[in-house]
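Chain residues, written in single-letter form:
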Amino acid sequence: MDMAVETQIDAGNRPAWEAEFEDIVIAQPDPRPLAIEATGLVKSFDGTRAVDGVDLSVHEGAIYGVLGPNGAGKTTTLRMLLGIIDPDEGVRRVFGHDRPHDIGRLIGYLPEERGLYPAMKAIEAIAFMGALRGLPLEEGRKRGRELMERHDLGHAAERTIRQLSKGMAQTVQLLGTLVHRPRLVVLDEPFSGLDAINQGKLERMIRALAEEGVTVIFSTHVIHHAERLCEGVAIIAGGRVPYAGSVEAARDRIPAQVRLETRAREGGWTAALPEDTRREGDFFYFALPETGVEPLLRRLIEGEAGILSLSIERAGLHDAFVAIAGEAAARQLEADMQGAAK
Amino acid sequence: MSAHDQAAIDAKPRLSRLEAAWVIARRDFIAVLFSRAFLFFLIGPLFPVLVGGLAGSIGGQVSRQAVTTEVGIAMSAADTAAMIETAGQLSPQLRGAIPALREVPEAAEPGFDAQEFMEARRGNYAAIVTGTLAAPELVGTERQVSRWQGPIELIAGTAMQDGPAKFPDASSQTVTASAASERSNRIRTAQAAQMVMFLLTMLLAGMVLSNLAEEKGNKIIEILAAAIPMDAVFMGKLFAMLGVSFVGIAVWGALGWGFWAIAEDAIVTVTQTNYRDLPGPAVGWPMFLTLAIIYFSMAYLLLGALFLTIGAMANSVREVQTMSMPVTMMQLMVFFLAAYTITQPGSALETFAVVFPLSSPFAMLARAAMEETLWIHALALAWQAVAVVVLVKGGSMLFRKRVMKSGGAGREKKPRRWGRAPQTLSPEPAE
Chain U
1 MDMAVETQID AGNRPAWEAE FEDIVIAQPD PRPLAIEATG LVKSFDGTRA
51 VDGVDLSVHE GAIYGVLGPN GAGKTTTLRM LLGIIDPDEG VRRVFGHDRP
101 HDIGRLIGYL PEERGLYPAM KAIEAIAFMG ALRGLPLEEG RKRGRELMER
151 HDLGHAAERT IRQLSKGMAQ TVQLLGTLVH RPRLVVLDEP FSGLDAINQG
201 KLERMIRALA EEGVTVIFST HVIHHAERLC EGVAIIAGGR VPYAGSVEAA
251 RDRIPAQVRL ETRAREGGWT AALPEDTRRE GDFFYFALPE TGVEPLLRRL
301 IEGEAGILSL SIERAGLHDA FVAIAGEAAA RQLEADMQGA AK
Chain H
343 MSAHDQAAID AKPRLSRLEA AWVIARRDFI AVLFSRAFLF FLIGPLFPVL
393 VGGLAGSIGG QVSRQAVTTE VGIAMSAADT AAMIETAGQL SPQLRGAIPA
443 LREVPEAAEP GFDAQEFMEA RRGNYAAIVT GTLAAPELVG TERQVSRWQG
493 PIELIAGTAM QDGPAKFPDA SSQTVTASAA SERSNRIRTA QAAQMVMFLL
543 TMLLAGMVLS NLAEEKGNKI IEILAAAIPM DAVFMGKLFA MLGVSFVGIA
593 VWGALGWGFW AIAEDAIVTV TQTNYRDLPG PAVGWPMFLT LAIIYFSMAY
643 LLLGALFLTI GAMANSVREV QTMSMPVTMM QLMVFFLAAY TITQPGSALE
693 TFAVVFPLSS PFAMLARAAM EETLWIHALA LAWQAVAVVV LVKGGSMLFR
743 KRVMKSGGAG REKKPRRWGR APQTLSPEPA E
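Line by line, the protein sequences give chains U and H.
The first sequence maps to residues 1 to 342 in the numbering used here.
The second sequence maps to residues 343 to 773 in the numbering used here.
If we strip away everything but chain U, and leave its shape as in the complex, we get (with noise of 0.2 Å):
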């Protein structure tokens, strides 16, 4: 919406087209000031695009996932936002800098493919990292205590990272990303190679930040950590963004689907059911109609169809990347989900 409407409607001098569209909701912007901003982002390597025209926006205070398979380009998208590689067109703005790198000292980023040096000790090592923030090494150590004594890693802050257990060195990792208190904080596959009781806690400290007002992106291929956490997601498919936007509004473009059980397996009544009905064993499956399911249901009794059961449910986060991204993407993430678990 550009600024000219906005403040006529803010002034209450209602358009004459608003009458004819009265009842569309109109979406009041976000208030909060944009802490990622990107527009257009291409990268190639050796003649392949890797990211091929992304855009994004992500407010301060915001947990925002990036969703899709392994080689989606996600990674590739996290590392232009941080300055770590240069995009080839396009636009990255991160609190209003162009050069992610001027503004180091308020990024915090955990990559992908996790590494610490083995032989130093886990408080060192996150005094180190907050180092490369600009925080003074005694400063970083405090911290570091702090936060182990927090995660309840005391004892190990005299180790060496080779001497801690791989979720410890994660956590430990983790930690360092977040010792100078940064203001955004970005997490790629957070969530992997993390045990259940890991996860939660993970999901726990995504929380914790985002209360105390950092923004947190984090890319990820399991859905439901997204669906939990996430008031924004850019699904990226192929180096694409095929949609960017809040999880509600993903879900709310894939119809509710309804679920229903009839004793009868045949008459009339069939025919009341919409077009697009598949059936699976004992239960019809379709989309909810616009017109909602009283004239249905009035019409299955009037048949006697013998109504078992009938549920309602709204579609999931998984159900709208299928949709968003294609079969084929979501093939591969399904692929992907299962070699991550085994």
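Chain H stretches covered by chain U per the calculated footprint, using a threshold of three residues with CB under 8 Å from any CB of chain U:
no.	region
1	355 to 368
2	557 to 563
3	567 to 573
Each computed EDC-like pair below joins lysine to aspartate or glutamate, with the alpha-carbon atoms no more than 20 Å apart:
no.	chain 1	residue 1	chain 2	residue 2
4	U	K121	H	E556
5	U	K142	U	E158
6	U	K201	U	E212
7	U	K166	U	E203
8	H	K743	U	E112
9	H	K561	H	E661
10	U	K121	U	E158
11	U	K166	U	E112
12	U	K166	U	D152
13	H	K743	U	D98
14	U	K142	U	D152
15	U	K201	U	D152
16	U	K121	U	E138
17	U	K166	U	D195
18	U	K121	U	E149
19	U	K201	U	E149
20	U	K201	U	E146
21	U	K121	U	E146
22	H	K743	U	D86
23	H	K735	H	E361
24	H	K735	U	D86
25	U	K166	U	E113
26	U	K121	U	D152
27	U	K166	U	E149
28	U	K201	U	E112
29	H	K735	U	D102
30	H	K561	U	E112
31	U	K121	U	E139
32	H	K743	U	D88
33	U	K201	U	E211
34	H	K743	U	E113
35	H	K743	U	D46
36	H	K743	U	E89
37	H	K561	U	E113
38	U	K201	U	E227
39	H	K743	U	D52
Rather than coming from a laboratory, the hints here were simulated on the basis of the structure.
Ideal placement from N, C-alpha and C gives every residue a C-beta, glycine not left out.
Got chain U; can you put chain H on it based on the hints?
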């Protein structure tokens, strides 16, 4: 930490390049200093000395056994005795010019033929002298005949005279230096300085080459690249290794100095060299040593930046090992270029060695030994500093462009068809 300090930290949006390089340098310096690699670096100089000593000793022994300068005498008994006696008399004056003469016992056998004897590969003589004092005949290979013909004629001619040859006693006056000796001494100083510098940079090369490959192996490189500019990472790593090398040099210097202080006489006796009388370089010892340290730093930074870039392209330590050979050959070529041009100051090749950044520190160090001009060093150092910056910038750019490709550590992506339009919904533009 005071609230003021905290406020300062929060207000500072990023580290300067220098501060960022310092963070990297500090970590690398401490990590290397307390690693086993540093121990190997410390004892590294012993290996070339040890290998050189062993090779020299074995080679010397082999050549002593394989090569003889003995010339056999197969003349009449009287002539043989006269030849050997005369050679003994001439030897103190002519030293190496006179061969060791030895009677050939087989010459007494009837029908002895020196040519057949030599061709039958009997005895161990460089050549055999037959005939008489008035008409000596030398039998041997063309090379040996050509080598010993003159001395044998001199010995035979002297032996024909009645009584031993008389030589006048020449009085002598010595001077401390001459143009020829000074030039020769300075060349030796230049060669020695270049050699030491080459060995030091050679020792560091391997460590620098594997540095970023290990970092990539540890997967930490992406954290560094995300936090600070890549050229700051390169600079930090280079200066950390330079610091490590200075520690190594300091340790060796201190050990050498201590050893010298304790056993100067023994060292002079054993090596038969009085190091206090070492030939002085043209710019004087203090300036020469200062320049040597600076040029070593420059040589190291230049080669280090190049090696860091090459090493950064490697994905594993094995790849680094594969790269080591061409890199070492390149180092050798640069060294040979600078070493070859020592005796040709001002020539086109020497000028090239001075201007070409990688050989410039070596060539300029030789100039410091040979020529007194100082301003040219300021110019050369400025030029080398520019080259260091260009190499570091270029290397870091290449690294970002070619190495940080994708999540799969730069794997090649295949074209995909995922981006096709969804079948059930039309795509909406991104928010």
